[in-house]
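Visitor: Note that the protein sequences, when read in sequence, are chains A and B.
Counting along the first sequence from 1, when you hit position 29 you're at 1042 in the numbering used here, and nothing is skipped either side.
Counting along the second sequence from 1, when you hit position 40 you're at 42 in the numbering used here, and nothing is skipped either side.
Mixed in with the good hints, there may be bad ones.
[As the list claims (entries may be wrong)] EDC-like, lysine to aspartate or glutamate: derived pairs with alpha carbons at most 16 Å apart:
#1 Lys110(B) / Glu1057(A)
#2 Lys1054(A) / Glu12(B)
#3 Lys80(B) / Glu17(B)
[Claimed, not checked] Label-pair restraints from in silico Cβ distances:
#4 Arg1124(A) / Gln85(B): 24 to 32 Å
#5 Leu49(B) / Arg1022(A): 34 to 42 Å
#6 Arg1076(A) / Glu17(B): 29 to 37 Å
#7 Ala18(B) / Gln1095(A): 44 to 52 Å
#8 Ser1075(A) / Asp33(B): 17 to 25 Å
Bear in mind the hints are in silico, worked out from the structure with no lab data behind them.
Positions of the beta carbon are idealized from the N, C-alpha and C atoms, including for glycine.
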Amino acid sequence: ETGVTQTPRHLVMGMTNKKSLKCEQHLGHNAMYWYKQSAKKPLELMFVYNFKEQTENNSVPSRFSPECPNSSHLFLHLHTLQPEDSALYLCASSQAGRAGGPEQYFGPGTRLTVT
Amino acid sequence: AQTVTQSQPEMSVQEAETVTLSCTYDTSESDYYLFWYKQPPSRQMILVIRQEAYKQQNATENRFSVNFQKAAKSFSLKISDSQLGDAAMYFCAYRRVVAGNTPLVFGKGTRLSVIA
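Bound-form chain A, shown alone (with noise of 0.2 Å):
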């Protein structure tokens, strides 16, 4: 596996239901990041990891719920999800620090749909 993957692709599931996203990044890279895909809305950065250690989190409801176990693994815990939180979870990474690129690279996204 090569960049940033991201499993599942799709994700059906009841308000009352627990899951979870996962995303693994194969670049050697020491940040990683959380955002939400609507339609017609820009995209919207959920959490930040720097070296593992969550170092933002933009007022994200607490039905969500990540985990960053090592600099190269981030999750998604989803629980009691409401309609409205149905949208592509695009998970991304980068090189923390001028040293690295300032770029940052994009997993294909889970689709998500809460019933």
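Got chain A sorted already, so can you dock chain B onto it with the hints?
Guide: Below, chain B without anything else, positioned relative to chain A:
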């Protein structure tokens, strides 16, 4: 807070023609990066081109070039010799440069259609 504005929700271009996508941004910083990302339908978002604010020379990557006007806070993307594979959502993004790490701020995107 920094903001990025893409005023063209949709654009279309004839195959082999040239199209320009607009982007403006608002910041009080003097050192930052600007990016154009491409997201084809149901496919991964990929970096098209990046520009460092301290560089006066406009970035170019093959058929893609930018017109960076720092004073006007404008960062447009020109696609020359458009191809069917260029059809996608294009996002303009900004990132300020500080010690540590900073996230990207995205515009709402421009959907580009390429007409054969």
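Visitor: Now tell me, hint by hint, if it's right for this structure.
Guide: So, going through the hints one by one against the coordinates:
no., hint, in the structure
1, Lys110(B) / Glu1057(A), "holds, 10 Å"
2, Lys1054(A) / Glu12(B), "holds, 14 Å"
3, Lys80(B) / Glu17(B), "holds, 14 Å"
4, Arg1124(A) / Gln85(B): 24 to 32 Å, "holds, 27 Å"
5, Leu49(B) / Arg1022(A): 34 to 42 Å, "violated, 21 Å"
6, Arg1076(A) / Glu17(B): 29 to 37 Å, "violated, 45 Å"
7, Ala18(B) / Gln1095(A): 44 to 52 Å, "holds, 46 Å"
8, Ser1075(A) / Asp33(B): 17 to 25 Å, "violated, 36 Å"
The structure is inconsistent with the numbered hints 5, 6 and 8, although it conforms to all the rest.
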